[in-house]
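Asks: Chain by chain, the residues:
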Amino acid sequence: MSTPNILLNVNGIEVIYNHVILVLKGVSLQVPEGQVVALLGGNGAGKTTTLRAVSNLLAGERGDVTKGSIELRGERIEKLSTSDMVARGVVQVMEGRHCFAHLTIEENLMTGAYTRTDGKAAVAQTLEKVYNYFPRLKTRRTSQAAYTSGGEQQMCAIGRALMANPKMVLLDEPSMGLAPQIVEEVFEIVKDLNTKEKVTFLLAEQNTNIALRYADYGYILENGRIVMDGAAKDLRENEDVKEFYLGMGGGDRKSFKDVKSYKRRKRWLA
Amino acid sequence: QAKEQFFPVLVYRTGAYAPNGVPWANGHVDYLKLVNAKGGINGVKVSFEECETGYATDKGVECYERLKGKGATVFQPLSTGITFALTEKAPADKIPLITAGYGRSESADGNVFKWNFPLLGTYWTAADILVGQLAKREGGWDKLKGKKIALVYHDSPYGKEPIPLLQERSKMHGFDVQLLPVTHPGVEQKATWLQVRQSRPDYILLWGWGVMNSAALKEAVATGYPRDKMYGVWWAGAEPDVKDVGEGAKGYNAITMQHGAEPNSKVAQDILATLHAKGQGTGPKEEVGSVLYMRGLVHAMLAVEGVKRAQERFGKGKVMTGEQVRWGLENLALDQKKLDALGFAGVLRPVSTSCADHMGGSWARMHQWDGKAWKFTSDWLQADEALIKPMVKQAADKYAAEKKLSRRDAADCGS
Amino acid sequence: MSKKIGDVILDVENISLRFGGVKALTDISFNVREHEIRAIIGPNGAGKSSMLNCINGVYTPQEGKITFRGKTFSHMNSRQVAEMGVARTFQNLALFKGMSVIDNIMTGRNLKMKTNLFQQAIRWGAAEREESAHREFVEHIIDFLEIQAFRKTPVGRLPYGLQKRVDLGRALAMEPQVLLLDEPMAGMNVEEKQDMCRFILDVNDEFGTTIVLIEHDMGVVMDISDRVVVLDYGKKIGDGAPDEVRANEDVISAYLGTSH
Amino acid sequence: MGFFLETLFGGLMAGMLYSLIALGFVLIYKASGVFNFAQGAMVLFAALAMARFAEWVPGWIGVDNKVVVNLIAFGLAMACMIALAWVIERFVLGKLVNQEGIALLMATLGITYFLDGFGQTVFGSDIYKIDVGMPKDPIFLMESTFQGGILIGQEDLIAAGIAAALVVVLAIFFQKTATGRALRAVADDHQAAQSIGIPLNRIWVIVWSVAGFAALVAGIIWGSKLGVQFSLSQVALKALPVVILGGLTSVPGAIIGGLIIGVGEKLSEVYIGPMLGGGIEIWFAYVMALGFLLFRPQGLFGEKIIDRV
Amino acid sequence: MFYRENGQFKTSYRSDQQIFPILQDRWAIGLLVAFAAIGVPLLASEYLFRAVLIPFLILSLAAIGLNILVGYCGQISLGTGGFMAVGAYAAYNFLIRVDGMPMLGAIILGGVCTTVVGVLFGIPSLRIKGLYLAVATLAAQFFTDWAFLRIKWFTNDSASGSVSVSELSFFGLVIDSPVSKYLFCLAFVVVCAWFAKNLVRSHIGREWMAMRDMDVAAAVIGIRPVYAKLTAFAVSSFFVGMAGALWGFVHLGSWEPAAFNINRSFDLLFMVIIGGLGSIMGSFFGAAFIVILPIILDNLTVAVGLSTATASHLTYMIFGALIIFFLIVEPHGLARLWSTAKEKLRLWPFPH
Ligand SMILES: Nc1ncnc2c1ncn2[C@@H]1O[C@H](COP(=O)(O)OP(=O)(O)OP(=O)(O)O)[C@@H](O)[C@H]1O
Ligand SMILES: Nc1ncnc2c1ncn2[C@@H]1O[C@H](COP(=O)(O)OP(=O)(O)OP(=O)(O)O)[C@@H](O)[C@H]1O
Ligand SMILES: [Mg+2]
Ligand SMILES: [Mg+2]
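Protein chains in written order, with the working numbering: chain A, 1 to 270; chain B, 1001 to 1415; chain C, 2001 to 2260; chain D, 3001 to 3309; chain E, 4001 to 4352.
Pulled out of the complex, with its shape left as it was, chain A reads as follows (with noise of 0.2 Å):
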């Protein structure tokens, strides 16, 4: 098999939050066209600011890429605006649902077509696709999204992003809240459109395992630099990986109960 083109490049970016806050420390990935990468990686690592860094949501944060270059089938995509990503095909799932409170889950599905030029037939196939791959926005199309589950905006923000029919999805914490089957109803989601329309997805996620189980590549960031990447399916295999990420070291799943935190804590009654 021949090594599919990179798609996505970014080259030892460096971000700074606010003029001082030094986040990324030079993170360098690829995303090759079709595939799905996973961006692994402990609470405040990074995953989300190199997100918004491709997407250039960064602007928004007061964040800033002041070291090295991001780039997109070979265009330097840095000055761009986050509609231009778009009008690319590049669509990012925010963190942290980010629905529109006001307007109704359909209507916030509806605005994530806004970009699209092949009218409205389209729209209303892609927004039935939508519903299928989600029934339960279906039953709550007309609630306004402030008035909905953190469950059902979840959807409604994943939806809203693939009403855009996206070339590439950056899709952060997917995960995030959503009840098991459901969780794993969005992965076979992305993998369905992973192999059916060959959408890349880079996603960012903290459920380790699952990640990786429908990766095919996988990276894992701490304190802003990437630490060690590999295939998914190495990853899996790979001591630390099972010991920091999965939960299994020395073999099987512990049970949550009975963890020792290996890292001396206080006793904060003492």
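Worth double-checking, as some hints may not be accurate.
Unchecked claim - Within a straight-line C-alpha distance of at most 30 Å, the following computed DSS-like cross-link-like pairs (lysine-lysine) qualify:
#, chain 1, residue 1, chain 2, residue 2
1, C, Lys2023, A, Lys138
2, C, Lys2097, E, Lys4152
3, E, Lys4197, C, Lys2114
4, B, Lys1285, B, Lys1318
5, B, Lys1033, B, Lys1318
6, C, Lys2152, E, Lys4152
7, B, Lys1372, B, Lys1229
These are computed hints drawn from the structure, not numbers from a lab. Model, not experiment: these values are computed from the prediction.
Model the placement of chains B, C, D and E with the ligands on the given structure of chain A, informed by the hints.
Replies: Positioned in the frame of chain A, the structure of chains B, C, D and E with the ligands alone reads:
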């Protein structure tokens, strides 16, 4: 310091009142330039600096402090609010204030208000003359009985000044005064004019400023109130007040502060010849001689004459101090001959002040808008001193009591 | 160490809650015993968060009543509930964004702070002592949650996972008897979840704090909870020990799916 | 009775005039979440542009026909407003994406200052005339029924008609079109709107242009009523209670709010005013709005303010 | 001297809770206050005192008050000018109607009256939020404008509705020279700022901020919205009212309601936002910016030789542009800019 007499010029060339403030400022400055062109005040050159107050009190205070530091010896605040604030500051700084045709009416009493000079007239004299005109139109004071006069006024100390006098007069002659305040800036007066339509007053006195005047006239057009029954104070009787009402304002009357629009007066012609002809004029040529332009000019002349008078006592050709200028203003003796020589023939009547009288005369005329220009409709008029004097004294005494001041004694008067 | 699970401390009876046409909760009853860890699970939109909102007075159910420590009420305002010793965390972070971590957690101590406005303005004596004492308590929590490094950072700038910890810290600062946790582990990786479980178990163990927990990670729920309620579309479809629930057919079809 | 009716009508007409300005506020708020304090300054700026261009155009092109001149002036003034919208997006809002409402509000106050200074520099600070042939004379209704009849300004009637038409068009635009929906989305969450590819910059130029158009219409109507001068910007203060009463996010609310405020303030001034010494209408309008808000904190037709945990 | 906190270890929570935990900051502030109290009187001219320093100090106080309400409690108010007027007129009435009332007493009582009025106007905030509340607070502004013009009693029956005070004294010391006025204001403001700073870092301050950031969550942890909001209105109005009294008594000496008109309200809001919401220090920055900038611009443009009109139009434009500029550079105000600068300095010369 150079041998220059410094005149601060507090103006407002921007904001809500700019249309009125600009011609005033232009006239004022032009006159000062004219004085220089004619060789200064007995050889003392005049210098001046404008400071934009925007009609706001705190900016006015800042201007005052700034220009005071540059050697100002007389201020003209050009706003009732600033006048009030400066009245508190001037005595300590020993700088006289000229508030010709505005400010507090009781400050005409120089025995209490040593540093204030409401030259040429106050709102009380204006109101008194206006009511007198109505009486005359009706055919005598007794004919006013039972009549209804509405005062449509700017809801501020400025607008409220005439109320005590009107109430005094209404007691004397048995007419009704209806008070109709208009909130700043007065862009929307429908309610006021509905009330006018309801009560159908016989006359309306308009005590507005800025957009309020033209808005009132437009509402009068819209409600069909006869414009010739409307009488404005001198701040409601200039071109900006009627210009864009045009024909609609035809017949509207206003009192003048002695002068009206005087494009043909000698002083105006002088300015055209001396300044504008050489491109040194301040504003557009057409403005010279318009009502507010003339007012600015007259005000400047008063200040200059104050200095001139002071020089007569303290030394011709010298730069005067604030205290000396104060003396000059308190002893103004501008007789008709002097005025004529200055180019104010037919524009002004004599002004002579004294320790007790800081107003120096309360002459006025009436003029009327004929759709294109202001035309005089009366001869020289004067307020009833017998009525106003005691009111002034009473109000001044109250002020003195509040401030724990005592009336000036003869010695102080002579100084 | 074995826990001594006590009597019923919180009893929810026949709660129904509607929003216009949406029935968020229909006739729900369950109870919580002292010192236990009680999990609520169910698919998205089942009404779990709404249940917590009813308990601590954010929503008023149309029907039903809640008994807490023998006191029954159908509606209380949030403050009264807080005074009775119920604290909670939120699913969609509800931290005070503009405040630092310390300040956020300190707000949790507010009910316990007694000095008046004037004492605080002068900040001498009592106010100062009170502030220091509570600060000490809060520092313990901060140590416990291992967020020392961020104590002065405005929480808005913290990554999501840490914000969740701060949220927990704020609830802990209230020294609650009952702690309601709404998806405390969403958005965490396994390691962090382990930490979080540790915190929860510690609180439960050492303080005997009763815990009501909403969570979607079945591993966590099954491992640490004593009893589980399952909601679906606002109805209760299961209630019992984790193993029982796991075996319940309704629950499997409605929630767990086949993969678990 | 006749007088009461007249007051009522007067209030309704005044209210429509407020609505016209309120509309500008609502438009911008609804579409970008910005409370635009510069609306008053925009009205002034637009009116100044219109008045001065109408003065200058004959000199430039040598045509003296009033209709032609007014049309050209209108076009030029509109061009100014579009340019202004572009500048505002480019140099102000575009740089403040995702900031809190209050920072945006302050920015609009900054715009107000700038525009005030700029407008007066370019167009002058005197009084100017707009003459689009608005009839000034009153008409009297029911003269047979009531003594003196009921007076209605023709100018007001026309203005009210224009305001109503504008509102209908805009209301449909917001609820029924994709762009309208996108605008509402932007108001809810700038960043999320960006993330799905709504081009904020273009949207904002459009919205501010439309608001500029509303300001121009308001400026022409108010300007031909009052004369174009600085105080025109102050009418915005009269429109504010209208905006909150009707609801910041509701186009029809601007009309209903306007009518309520207009009628309320005229009736109060005429009937209660004399007892209190007069001049009460301005604060009365605010107090009235406040009273309504106590029952509906989001205004009569505004979108519910959502706070959910 | 390096700006470092290395080596400064806090050994008690008390020391960590000081107003300025970093030693250098404490020194700097100490020096600044000392300079303001001793150095400035020796150096400044009368113009500086009267036209710049005194207004700056008084408006700083008002800005602190407003900042408590807007910056800390999140209730936007456009009625500040009105509240200042209440303070000024109330203090005036205490001064002239109560025999032997000392000026200080009148000013404080003016603040107390404003507190009452402020709480009254704050009651709607329990229901009305955000911009709706902001606009609604204009009711306070217009109502007070009207009341002080119309109700004669407030102005001691003065015909025009304007009032004046004279002979200010403070424990027997006559306050009439610019320096004494300045020092009086300085002392007043420093003490008030200290109180304010204490309040905002105590639990009441945290309650306010909690209301601002997320009121539902605040209620859940036991904060009473009524109490938190109304105390914010009360404390804020108290400061604003005293600032109003000082403005009338010390700065203007004589005033009419227009001295406290809506532009004053906007100016104060500017100060708070440009200076930094939720920062006491920022209130000073903001006041300095708004008081001094136009004066400098005025002087500059005039010095360049522009006509007054052009100059002041230009001033407007530059002023507006600068406001926007600062908002863009740092929407959290000068205070944040300042702390960012300090942070950089701390890291200097090694960035990050
Ligand atoms: N707007 C911001 N301003 C300042 N610092 C920020 C901002 N957003 C993020 N950070 C900082 O950047 C670092 C990385 O944050 P980021 O959100 O990218 O982490 P993450 O990997 O997505 O974490 P999580 O899994 O918790 O979402 C954190 O330390 C955070 O404090
Ligand atoms: N304030 C409200 N107004 C209208 N509907 C509401 C409101 N709060 C909740 N709902 C509806 O009630 C249902 C239950 O919501 P809830 O938030 O309790 O679900 P949940 O079980 O917590 O789901 P998730 O796991 O996704 O968080 C949802 O369909 C939601 O849309
Ligand atoms: Mg993240
Ligand atoms: Mg939930």
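Asks: Against which earlier hints does the structure fall short, listed by number upward?
Replies: When the structure is compared with the hints, numbers 2, 4, 6 turn out to be violated.
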